[in-house]
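Undergrad: Quick mapping for you: the protein sequence lines, in order, are chains A and B. The end of the first sequence is residue 263 by this note's numbering, with every number in the run present. The end of the second sequence is residue 298 by this note's numbering, with every number in the run present.
One should not assume that every hint holds.
Stated by the list, open to error - Here are some chain B residues pointing at chain A (derived, C-beta under 10 angstroms): (1) GLU97; (2) GLN226; (3) ARG252.
Claimed, not checked - With a Cα cut of at most 25 angstroms, we get these calculated DSS-like pairs of lysine-lysine: (4) LYS70/B - LYS259/A; (5) LYS259/A - LYS231/B; (6) LYS259/A - LYS141/B; (7) LYS11/A - LYS22/A; (8) LYS288/B - LYS198/A.
These are computed hints drawn from the structure, not numbers from a lab. Ideal Cβ positions, reconstructed from N, Cα and C, are used throughout, including at glycine.
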Amino acid sequence: MNILQVENLKTFFYTESDVVKAVNDISFKIKDNTVFGIVGESGSGKTLTALSILKLLPYPAKIMGGLVLLDGSDILSMSDDELRAIRGSKISIVFQEPSSAFNPVFTIGYQMTESIFVHQGLSAKKAKELSLEYLNRVHIPDPKKVFDDYPHQLSGGTKQRAMIAMALVNKPELLILDEPTTALDVTIQAQVLDLLKEIIEDKKLSILFISHDFGVISKMCDEVAVMHRGKIVEMGSAHNIITNPKEEYTISLLESVKALAR
Amino acid sequence: MIVKLNNVKKHFPVERGFLKTAAGVVNAVDGVSLEIGRNEVFGLVGESGCGKTTLGKLILGILKPDSGSIEVAAKKVQVIFQDPQASLDPKMRVREIIGEGLVLSSPRSMVHGPQIVRKVEEMLDLVKLPKSALNKYPHQFSGGERQRIAIARAVITDPEFIVCDEPVSSLDVTVQLQILKLLKEIRNRLSITYLFISHDLRVIKFMSDRIAVMKDGRIVEQGPTQEIYSNPTNDYTKLLLDSIPSIS
Numbered sequence: 002m003n004i005l006q007v008e009n010l011k012t013f014f015y016t017e018s019d020v021v022k023a024v025n026d027i028s029f030k031i032k033d034n035t036v037f038g039i040v041g042e043s044g045s046g047k048t049l050t051a052l053s054i055l056k057l058l059p060y061p062a063k064i065m066g067g068l069v070l071l072d073g074s075d076i077l078s079m080s081d082d083e084l085r086a087i088r089g090s091k092i093s094i095v096f097q098e099p100s101s102a103f104n105p106v107f108t109i110g111y112q113m114t115e116s117i118f119v120h121q122g123l124s125a126k127k128a129k130e131l132s133l134e135y136l137n138r139v140h141i142p143d144p145k146k147v148f149d150d151y152p153h154q155l156s157g158g159t160k161q162r163a164m165i166a167m168a169l170v171n172k173p174e175l176l177i178l179d180e181p182t183t184a185l186d187v188t189i190q191a192q193v194l195d196l197l198k199e200i201i202e203d204k205k206l207s208i209l210f211i212s213h214d215f216g217v218i219s220k221m222c223d224e225v226a227v228m229h230r231g232k233i234v235e236m237g238s239a240h241n242i243i244t245n246p247k248e249e250y251t252i253s254l255l256e257s258v259k260a261l262a263r
Numbered sequence: 051m052i053v054k055l056n057n058v059k060k061h062f063p064v065e066r067g068f069l070k071t072a073a074g075v076v077n078a079v080d081g082v083s084l085e086i087g088r089n090e091v092f093g094l095v096g097e098s099g100c101g102k103t104t105l106g107k108l109i110l111g112i113l114k115p116d117s118g119s120i121e122v123a124a125k126k127v128q129v130i131f132q133d134p135q136a137s138l139d140p141k142m143r144v145r146e147i148i149g150e151g152l153v154l155s156s157p158r159s160m161v162h163g164p165q166i167v168r169k170v171e172e173m174l175d176l177v178k179l180p181k182s183a184l185n186k187y188p189h190q191f192s193g194g195e196r197q198r199i200a201i202a203r204a205v206i207t208d209p210e211f212i213v214c215d216e217p218v219s220s221l222d223v224t225v226q227l228q229i230l231k232l233l234k235e236i237r238n239r240l241s242i243t244y245l246f247i248s249h250d251l252r253v254i255k256f257m258s259d260r261i262a263v264m265k266d267g268r269i270v271e272q273g274p275t276q277e278i279y280s281n282p283t284n285d286y287t288k289l290l291l292d293s294i295p296s297i298s
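Only chain A is shown next, with the shape it has when bound in the complex (with noise of 0.2 angstroms):
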């Protein structure tokens, strides 16, 4: 079965002079618990991919056409309260940078359990309880602190495991990771796609893995999507479409990435 099925997907920024065809007509489908991955550059569309998937477009871009079914129920037709009621829950995204995406007035606790209030109506005990589950399972190492602490309080690397275990407490079915590990040190980036991989192996969800970095994609992935200018221009499995691309885009990305890694 699919968890995800995006069919002819358009996504258009309409400025006062010009049309962008930021996302132009694709089509993919994510098997259950696998880890799908999309691979481009800057301004390839791939970020605009995910949120449209979860219909959280910022102004001016618009979705022109297209399908995207969760679980066979089309999102794109959903109210605005049907939405607020699967995303967070069913699923959940992961964004580059935490410290954008953590509200910094309120304690990383407070932001958790709010999630599970919402989505779970858990007793502010049992939320507790759960959220410290989750920060542990993410090995943090000191999951009581973390709780209490305001996002500014924790280093980087951090502050992603603890947006990961955020994003994991209500059980998505589908896991957007976009550019999870690209605003941190090497060692660290190592240390949280390890905590990735493990949640994969898991094999309890579906991921859609957002990278521009073709050494993280061929790591983490299942499935493989090269996007450029909009388009999906070469589809496969990972080990395809690194060991043999038919594309000359992907060629070249790949050439690129091995070029600098010889």
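Use these hints to put chain B onto chain A, whose structure you have.
TA: Showing chain B alone in chain A's frame:
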């Protein structure tokens, strides 16, 4: 030797509250000694907060060391920063941005209008930008092109030594490669020495003849690039190298 550092230290005080009482110090650069040879690309690699940019600023003379000695045996020194969006004046045209470097670095009688334009055009040619760029503003260019302008602005002064501080970190990987190749080409053509600062081990390896690995204000390991990458002796260097997400 073009640059020689001996036990250089730079501390920043940490102040607290309204009265700015001293709350401690950050040892940004904590006893660094190194030598950079002429025509060498010396790579300085480390994670955020390790002191690599502070070290670059000390060598440029933007900061003064608390102790230790810094000798720079170059008549002209230049710098290329990470973000050309921030380092190029948005209200100046490309001809002014690049030309200004020449005007400011030459004796007044040496430069005249047509001469400046000719030299600026030469520089555009060097960094592979069309002449039509002359009258445009920075915002009319892509990130990679903007970094080419920053390179031209640095090179026009005929420097012997350039500090490149994360020059490709804000660029996409295909553009990164183009800019790195350009920097290499310029070095070979004009025999310039680079101090190349980056957090990215792949980029550092691609560029450098010798490297130093920095952590918490200290250099934990330095030597020829090939040697360190194939046989790192320091634990932190090993950890850094193991952390590179390579295509498998």
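Undergrad: Work down the list of hints and note, for each, if the structure agrees.
TA: So, going through the hints one by one against the coordinates:
1. GLU97: 4 angstroms, holds
2. GLN226: For GLN226/B, the interface hint holds, since the closest Cβ of chain A sits about 7 angstroms away, which is under 10 angstroms.
3. ARG252: At 4 angstroms from the nearest chain A Cβ, ARG252/B passes the 10 angstroms test, so the hint holds.
4. LYS70/B - LYS259/A: Violated - the C-alpha atoms of LYS259/A and LYS70/B are around 50 angstroms apart, more than 25 angstroms.
5. LYS259/A - LYS231/B: 14 angstroms, holds
6. LYS259/A - LYS141/B: The given pair, whose Cα atoms are some 38 angstroms apart, is violated under the 25 angstroms limit.
7. LYS11/A - LYS22/A: 8 angstroms, holds
8. LYS288/B - LYS198/A: 22 angstroms, holds
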